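Protein chains: 2
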Amino acid sequence: MTSADFVDMENSSCGGGPFGRVVRWLKPVPERSWGKVLEAAREAKKLGEDDLRRIVHSFKVGLALTLVSLFYYYRPLYDGFGDDAMWAVLTVVVVFEFSVGATLGKGINRMLATLLAGALAVGVHHISTLWGGEVGEPILIAFFVFVVAASVTFMRFFPALKARYDYGLLIFTLTFCLVSVSGYRETQVLDVAHKRLSTIAIGSCTSIMVCICICPVWIGVDLHNLVAGNMENLGVFMEGFGFEYFDIKGNGLSLSNQQYKSVLSSKSLEETMVNLARWEPGHGGFKFGHPWEKYLNVGSQTRQCAYKIEALNTYLNTGIQVPAEIRSEIQEPCINICTESGKALKELAAALKKMTRSSSADSHIACSKAAVESLKLLSLKRGIWKDADLLETIPSAAVASLLIEVVACVEKIAEAVHELASVAHFKTEQPQLLQEPALSEEYHVAITIDRNSTEGLPKNGSSDCITTNV
Amino acid sequence: MTSADFVDMENSSCGGGPFGRVVRWLKPVPERSWGKVLEAAREAKKLGEDDLRRIVHSFKVGLALTLVSLFYYYRPLYDGFGDDAMWAVLTVVVVFEFSVGATLGKGINRMLATLLAGALAVGVHHISTLWGGEVGEPILIAFFVFVVAASVTFMRFFPALKARYDYGLLIFTLTFCLVSVSGYRETQVLDVAHKRLSTIAIGSCTSIMVCICICPVWIGVDLHNLVAGNMENLGVFMEGFGFEYFDIKGNGLSLSNQQYKSVLSSKSLEETMVNLARWEPGHGGFKFGHPWEKYLNVGSQTRQCAYKIEALNTYLNTGIQVPAEIRSEIQEPCINICTESGKALKELAAALKKMTRSSSADSHIACSKAAVESLKLLSLKRGIWKDADLLETIPSAAVASLLIEVVACVEKIAEAVHELASVAHFKTEQPQLLQEPALSEEYHVAITIDRNSTEGLPKNGSSDCITTNV
Chain A
1 MTSADFVDME NSSCGGGPFG RVVRWLKPVP ERSWGKVLEA AREAKKLGED
51 DLRRIVHSFK VGLALTLVSL FYYYRPLYDG FGDDAMWAVL TVVVVFEFSV
101 GATLGKGINR MLATLLAGAL AVGVHHISTL WGGEVGEPIL IAFFVFVVAA
151 SVTFMRFFPA LKARYDYGLL IFTLTFCLVS VSGYRETQVL DVAHKRLSTI
201 AIGSCTSIMV CICICPVWIG VDLHNLVAGN MENLGVFMEG FGFEYFDIKG
251 NGLSLSNQQY KSVLSSKSLE ETMVNLARWE PGHGGFKFGH PWEKYLNVGS
301 QTRQCAYKIE ALNTYLNTGI QVPAEIRSEI QEPCINICTE SGKALKELAA
351 ALKKMTRSSS ADSHIACSKA AVESLKLLSL KRGIWKDADL LETIPSAAVA
401 SLLIEVVACV EKIAEAVHEL ASVAHFKTEQ PQLLQEPALS EEYHVAITID
451 RNSTEGLPKN GSSDCITTNV
Chain B
1001 MTSADFVDME NSSCGGGPFG RVVRWLKPVP ERSWGKVLEA AREAKKLGED
1051 DLRRIVHSFK VGLALTLVSL FYYYRPLYDG FGDDAMWAVL TVVVVFEFSV
1101 GATLGKGINR MLATLLAGAL AVGVHHISTL WGGEVGEPIL IAFFVFVVAA
1151 SVTFMRFFPA LKARYDYGLL IFTLTFCLVS VSGYRETQVL DVAHKRLSTI
1201 AIGSCTSIMV CICICPVWIG VDLHNLVAGN MENLGVFMEG FGFEYFDIKG
1251 NGLSLSNQQY KSVLSSKSLE ETMVNLARWE PGHGGFKFGH PWEKYLNVGS
1301 QTRQCAYKIE ALNTYLNTGI QVPAEIRSEI QEPCINICTE SGKALKELAA
1351 ALKKMTRSSS ADSHIACSKA AVESLKLLSL KRGIWKDADL LETIPSAAVA
1401 SLLIEVVACV EKIAEAVHEL ASVAHFKTEQ PQLLQEPALS EEYHVAITID
1451 RNSTEGLPKN GSSDCITTNV
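Residue numbers (my numbering), protein chains in the order written: chain A, 1 to 470; chain B, 1001 to 1470.
Among the hints, erroneous ones may be present.
Claimed, not checked - Straight line, CA to CA, 25 Å or less: simulated BS3-like cross-link-like pairs of lysine-lysine:
1) A:K45 with B:K1162
2) A:K261 with B:K1261
3) A:K267 with B:K1036
4) A:K261 with B:K1412
5) A:K261 with B:K1162
6) B:K1195 with A:K195
7) B:K1195 with A:K162
8) B:K1046 with A:K162
9) A:K294 with B:K1267
10) B:K1045 with A:K162
11) A:K267 with B:K1162
12) A:K261 with B:K1267
13) B:K1261 with A:K162
14) B:K1261 with A:K267
15) B:K1267 with B:K1354
16) B:K1261 with A:K294
17) A:K162 with B:K1036
As the list claims (entries may be wrong) - Derived Cβ-Cβ restraints for the label pairs, each shown as a range:
18) B:H1126 with A:S300: 55 to 61 Å
19) B:V1056 with A:D51: 38 to 44 Å
20) B:G1282 with A:E39: 31 to 37 Å
21) B:L1112 with A:K353: 40 to 46 Å
22) A:E419 with B:L1161: 36 to 42 Å
23) B:S1262 with A:D247: 34 to 40 Å
24) B:L1047 with A:C213: 37 to 43 Å
None of these hints come from the bench; they were simulated from the model.
Just so we're clear, the structure is a prediction, and the values are computed from it rather than from any experiment.
Even glycine gets a Cβ: it sits at the ideal position worked out from N, Cα and C.
Based on the provided sequences and hints, a complete structural model is requested.
Set out below in structure tokens:
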């Protein structure tokens, strides 16, 4: 029933009197809210389906909080800490994050900062009581609070500290202020500091244990998959681009899936993930001290490649046809470049995903470089562009030039991936006969058909790439 | 004195005995630390000099904390709140952020969430005591804690809620757990909730007042300047690019300053800033409800342009000379496109910075479009490329093609800026005679010299752009 139905119904049953008007005014509101609730429920369902770990995470937070609130329910535990047990609850809420890396980072930061700041605050409290006297004590404490808060706040601007210890610096200020200030009223300042430290340690450890023991979300694995997935997305685009640009149908590849666009703005996400992944202990194939920062290099090279691909993408669907004379000359090397660099990217992504050192991408890169050379050799043939007009020539030349750039980028990506594989001691994979993915079966057919034509589609396979004869 | 000097000194004075060895082992440590301290001090000085507001911010945090800790020192205030006064200290540490928008967002989130969660927790406490009895009460409370924590945690995954209310949802969980759980031990649960709410309100308000009243940092202004600055950086690059690419000296423009690169990855920064700017009240020329989200559109179009410019940038310093025959044909329209689109971007940036609706960029865009047309008209002249070889031709054609793309991007940026100016009701500026910036004085000279030559450098000024006769 829509709100319009409601209004109709009200019109018929309540008439136009003041009561009817009030009902009409009231009724559509819950109706609209109901629609909103339904919409929110649909969105929630989608969020959960997209990543089941979100639902698991929510239950984990609920569990950790219920566990830690046991301190209140059981008298022996409560008697030990009293109201201070709430610090444990507070810590769980604040420290429990989606990934293990983030939870560990926050938990360790919080515990260490509380320890250090607590010690400093106890020291400051002693100095103030010794030197200050009744009048001077609050002035001295206020002075120290001002100085410590201002200098620690300034330290948070240091990029190196901000990346890993921002939360710790915040908690340092917090604990220092709480302990030193509350020391003015409570004589047992050491007791305050001790209770705060123990409850925070209990809260942090509960969070970390629940986070790691129940379906852990390793941000390192997510980062690894993100970087590999980004390369794969570029590879898929490149494989399809040549066919799409020269308008060759039946290759089974589609560019409707332009997932590479997310690569363009992945910089800050990758940086955050690297900072969090560093906190994680060894898991799966990743040891503690895995060279996470090398992923930034791979990611940065991938992004450089994505910028070129973004430029290439504008030449699709421009409505400008490639002139027939130019097409016959540059189509073969261009399509070779696209398929080979696309395959190279996909091989690199697959090797990275499997955590192996593989040289299978190298042959594809060699083939794409050979195609670049054959494109450049065309330069010896003067007069290719003679009969074409510039309006049509410029875009084709730009595409050719960008493709050459893409090959250079792919080479740099391969270098970055090899460096990562070497530093991370990935196991070496013996080069093996390439398995064609199921996707390219139709492509096989297209090639078989076209090999007999003069169009000159790329040779298939990795080892049989042949420099085009010109 | 380096640590090597130290070792040398120790070698000569202490000999090779065990004492000498210990001293040698100990001395370089403070020496190295001293070096690190000096380095950190230099970095701190640089951070402060880069943005003085950082130092001011640090003092503001110190001041706010000192102010709020008065609650502890003055007995009348302390008697009202007791130990709960520490919530005010805690709130200041957590809520006080660099910008007004961030502080207001966190403060309002924290106060609202505490109010709502406190009310809910008091309700839950009553239900549990009424229905649960001695045994059932903790079970009921634990059940409610689990359900509320899990569902609010899941709500934090909704992108719309995450953008503006993430902190509020966190504090909602926190307050609900604290009040409902501590209600099990304390009978005065309403008192707990009330004290928590008042102290948090005091802390938040102190932070907000100090943040706004002492040298406020408006993130809206920062966002405004960032978006305008990004356009200006692109403009500076474009103005210089034509001369650099065709290797024309003495234009007074340098490309060593490649500040446009930061535009490539500015997406997430802009999104964060827009979310924070929405919290800010009216300030300067910005009213509350200023269309901040329109800046995202301008930023996104600017980024699209930056991707093209990134592609253009790779054609500088490739070592490939533009063939003389092609150069003579395309140099004039290309340089026209560069200077005119660069000027258009700079005019747009200047108008945005001054918050005026200006049409002065439109004439530059018209000129750059005229230059594009004259470049396209060259297509009627067959055989331009006849004598050139492809290796040299491709890059020039790619540059020409990218320049055409840049003009399209600049037009879209202008549209986005005009839309922003119209929605934000910027005041209209009468088109006036253009003032050349000081930078282009040398450029004037270059043009005066070159006007008599056959090279055909761009005509200067905005109104006298002439479609090149071909």
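Exercise for review: Please write out, lowest number first, the hints stated earlier that are contradicted by the structure.
Suggested key: Those not satisfied are hints 3 and 7.
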